[in-house]
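K.L.:
Residue-level listing of the chains:
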Amino acid sequence: MSAKTPSKLEKIMAAGHLGVTSECGPPRGSDPDTIREKAELLRGYVDAVNVTDNQTSVVRTSSLATCIHLKLMGIEPVLQMVTRDRNRIALQSDILGAASFDIFNLLCLSGDHQCFGDNPQGQNVHDLDSMQLVWTARQMRDEGKFLGGSDIKRPPQMFVGAAANPFADPFEIRVPRLAKKIEAGAEFIQTQCIYNLDKFEEWIRQARDRGLTEKTFIMAGVTPFKSAGMAKYMKNRVPGMDVPDEVVKRMADTPKEKQAEEGVNICVETIQRLKELDGVKGFHIMAIEWEEKIPEIVERSGLYPRPEVD
Amino acid sequence: MIVADKKPVEEIIDYVKEHDKILVLGCNECVTVCEAGGKKEVGILASTLRMYFANQGREVVVDERTLERQCDHEYLEEIRDISDQYEAIVSIACGVGIQFTAEKYHSTPVYPGVNTCFLGVTEQRGLWTERCQACGSCILAHTGGICPVSRCAKRILNGPCGGSAKGSCEINKELDCAWQLIIDRLKSINRLDLYEKMFPIKDWSSDRAGGPRQVVREDVQI
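Protein chains in written order, with the working numbering: chain A, 2 to 311; chain B, 688 to 909.
Okay, chain A solo, but in the shape it has when bound (with noise of 0.2 Å):
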């Protein structure tokens, strides 16, 4: 798979690195410095920064505002962009607006429902789904042409990706989704946080097998515990995590003061194991809120220094 676009990211996992990304939640304010803080502690660790969209359903700065930030700062953003809250044509247009300021990379996601986040009586929008959406960027992007079929005077460079959970139910159309959103056009794909390795590896077997590890970039998402209490949170409220009993239990058998470090260290030897199965071209480490811990997990993780490209 070689590079087609401008961005940092593609680069390096054509290049045949692993690539490494990170993630920002933008703030619930309009503080420029929370993000600009946050996003500093990740620079020269991560070959991008996800920026998240209104994560949860919760009402925060815009993922296309605080791309921008990182973009300004040199620290290459990963736009993530829900179909929940707009329809179309503010897709497009968002789009559009990321691509004027050079915002080379996209993660096409639906987004958490919004009985989840703060605003339980809005409206959704889901005019496009995250699979359709993908369509369109790679409409846009390879044929320069919006959905209404006219012309775009300078099409948008994006390397465009989706998301995976493989372990949500039902188990056997896992893989046929991903074939399917690789159909629709997605160059990288970010999974939901691995905790269940041998359901991840078998979900990878079952894809190498379709020959679709060769036409994406699969990069294995991973989240530090920062407390047993998170653990069984995510075992037990988070929709779609797959948390084993014994990850849990090996949390809660840690002293309390423990905990953090613990944390880390099943996120590193996640890393590390997963480094060595073939089909995973990167990680995606999301540290909710905790973003300092990024450089130790790349360094302990022997990811450190991250490659240059041109």
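Be aware that a few hints might be false.
[Said to hold, decoys possible] Straight-line alpha carbon distances no greater than 25 Å define the calculated DSS-like cross-link-like pairs of lysine-lysine that follow:
#, chain 1, residue 1, chain 2, residue 2
1, B, Lys-853, A, Lys-233
2, A, Lys-250, B, Lys-853
3, B, Lys-708, A, Lys-181
4, B, Lys-874, B, Lys-884
5, B, Lys-791, B, Lys-693
6, B, Lys-853, B, Lys-884
7, B, Lys-884, A, Lys-146
8, A, Lys-259, A, Lys-233
9, A, Lys-236, A, Lys-216
10, B, Lys-860, A, Lys-236
11, A, Lys-259, A, Lys-294
12, A, Lys-216, A, Lys-5
13, A, Lys-200, B, Lys-860
14, A, Lys-259, A, Lys-216
15, A, Lys-276, A, Lys-294
16, B, Lys-884, A, Lys-181
17, A, Lys-200, B, Lys-874
18, A, Lys-181, B, Lys-874
19, A, Lys-216, B, Lys-860
20, A, Lys-257, A, Lys-294
21, B, Lys-860, B, Lys-889
22, A, Lys-200, B, Lys-853
23, B, Lys-727, A, Lys-181
24, A, Lys-294, A, Lys-233
25, B, Lys-853, A, Lys-236
26, A, Lys-282, A, Lys-200
27, A, Lys-146, B, Lys-889
28, A, Lys-233, B, Lys-860
29, B, Lys-708, B, Lys-791
30, B, Lys-726, B, Lys-860
31, A, Lys-282, A, Lys-259
32, B, Lys-860, B, Lys-884
33, B, Lys-727, B, Lys-693
Bear in mind the hints are in silico, worked out from the structure with no lab data behind them.
Here the structure is a predicted model, which means the values were calculated and not measured.
Using the hints, position chain B against chain A.
P.N.:
Chain B alone, transformed into the frame defined by chain A:
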């Protein structure tokens, strides 16, 4: 059918409390089946209102009537000669019937006595569930006869989303994941191959998005 649910009686009282002569108007169709607006419910609501006014020491006439349908001129005309006698009508038909009654009896206030909920089925007595959002462009042939527009919380046409767990939707464990149902059904009719095709972007102009809709059938017009 169109499924409706009773409004809290306090809300209805609040609408009609200033009136002295009220007609409670039911409908023999869908709302009778879902036990929200038929003859039986007309009787219950009228009695409740009478009791309320009696407790207030007020003499208010509350009459009862149930029409075959409130969505047809023919049946609505049946109250033409009596409609002037009332200061207000509480219609407990669906939102369609309530509006058609209001259009027809232009100078009489018409209040809703139910909340109109969805197009659905009786799964069992006392449990009605949604099946259709009348998007105006049916896709059931592609989805094994199960509709993701009405039954998926995100109306995802290429589902399921990452929140599908053990057959349930992420928003509520009691709710079936529509895409789990679709996949199960495609399997049982040996058409899982349909799942592999990406469903293209849908034209929503026949949906609510396109503005108030009409069906014009010149072939059946008189």
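K.L.:
Just pull the numbers of the violated hints for me, sorted ascending.
P.N.:
3, 9, 14, 19, 21, 23, 30, 31 and 32
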